[in-house]
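The sequence shown lines up with residues 879 to 1091 when you count with the working numbering.
Think of the hints as simulated: they come from the structure by calculation, not from any bench.
Backbone N, C-alpha and C fix where the C-beta goes; we use that ideal spot for every residue, glycine too.
Just to be clear, a hint being listed does not mean it is correct.
Said to hold, decoys possible - BS3-like mimics (lysine-lysine), calculated; alpha carbons at most 27 Å apart, straight line:
1. 1035 to 1049
2. 1065 to 1051
3. 1065 to 1055
4. 935 to 971
5. 1060 to 1035
6. 1060 to 1049
7. 1065 to 1049
Said to hold, decoys possible - Each pair of labels, with its calculated beta carbon distance range:
8. 1067 to 1033: 49 to 59 Å
9. 928 to 957: 27 to 37 Å
10. 954 to 888: 20 to 30 Å
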Amino acid sequence: IRLRQSFWVGRRQLHTPQFVTAGAVAEAWERLAPYHVQNKRGRGHILWRIGLADLLKQWGGFRDTFIEVCVDAGACRTTVESTLDGFVQAARKLREGVLQYWERENMRRVERRQRLLEQKAHARSRTRNAWDREQRSLRAIRHWLARWRAAQEAERKRLRREAAAAQAASKVKRREKLRHTKHMREKRWQQMNRRDLTMADLLGRRFGCGMSS
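With the sequences and hints as input, model every part of the structure.
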């Protein structure tokens, strides 16, 4: 069985010893299959998909299983372990390069996320400031509207008071006029019904002359 673990051993293929029966092959593959991954370049690399911690855990599980499969097939445990460790050591520079690239990408991703969060926070702040300005404007409008309504109500009250005063003055004036008219009528009636009324008084009254005493 041939397997790849490019992050750990580079471009080398890991292969188990030959198995005597197909059943042994199937059993060995069943044990190793969970660790078989399709690796890609760049962000398709398994490191981007599962992260370094899970990759280390997966490698530990694969290493133990691979060694046991090889030992069960007749290989020397020490030889398999040293061979794997040698492959891992030989691929160290390649692995470090991938890790450095992964760390840079992670930093860029974190920075992009931070910038995005800052932009969202700035947008929320601008929205909140705009909302605050709008609320202040509305409060000012309500304040001036209330003052305008109060002024209008005060003006209406003043006009009603003036109208009531004018109406009262008009009534007083009419009553005074009526009293004066009544008084003049009574006075004329008294003058016209004097016992000493003479023709001269009547003629003088008719032609606008004063009454004789």
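Results for each hint:
no.: 1; hint: 1035 to 1049; verdict: holds, 21 Å
no.: 2; hint: 1065 to 1051; verdict: holds, 21 Å
no.: 3; hint: 1065 to 1055; verdict: holds, 15 Å
no.: 4; hint: 935 to 971; verdict: holds, 20 Å
no.: 5; hint: 1060 to 1035; verdict: violated, 37 Å
no.: 6; hint: 1060 to 1049; verdict: holds, 16 Å
no.: 7; hint: 1065 to 1049; verdict: holds, 24 Å
no.: 8; hint: 1067 to 1033: 49 to 59 Å; verdict: holds, 50 Å
no.: 9; hint: 928 to 957: 27 to 37 Å; verdict: holds, 30 Å
no.: 10; hint: 954 to 888: 20 to 30 Å; verdict: holds, 23 Å
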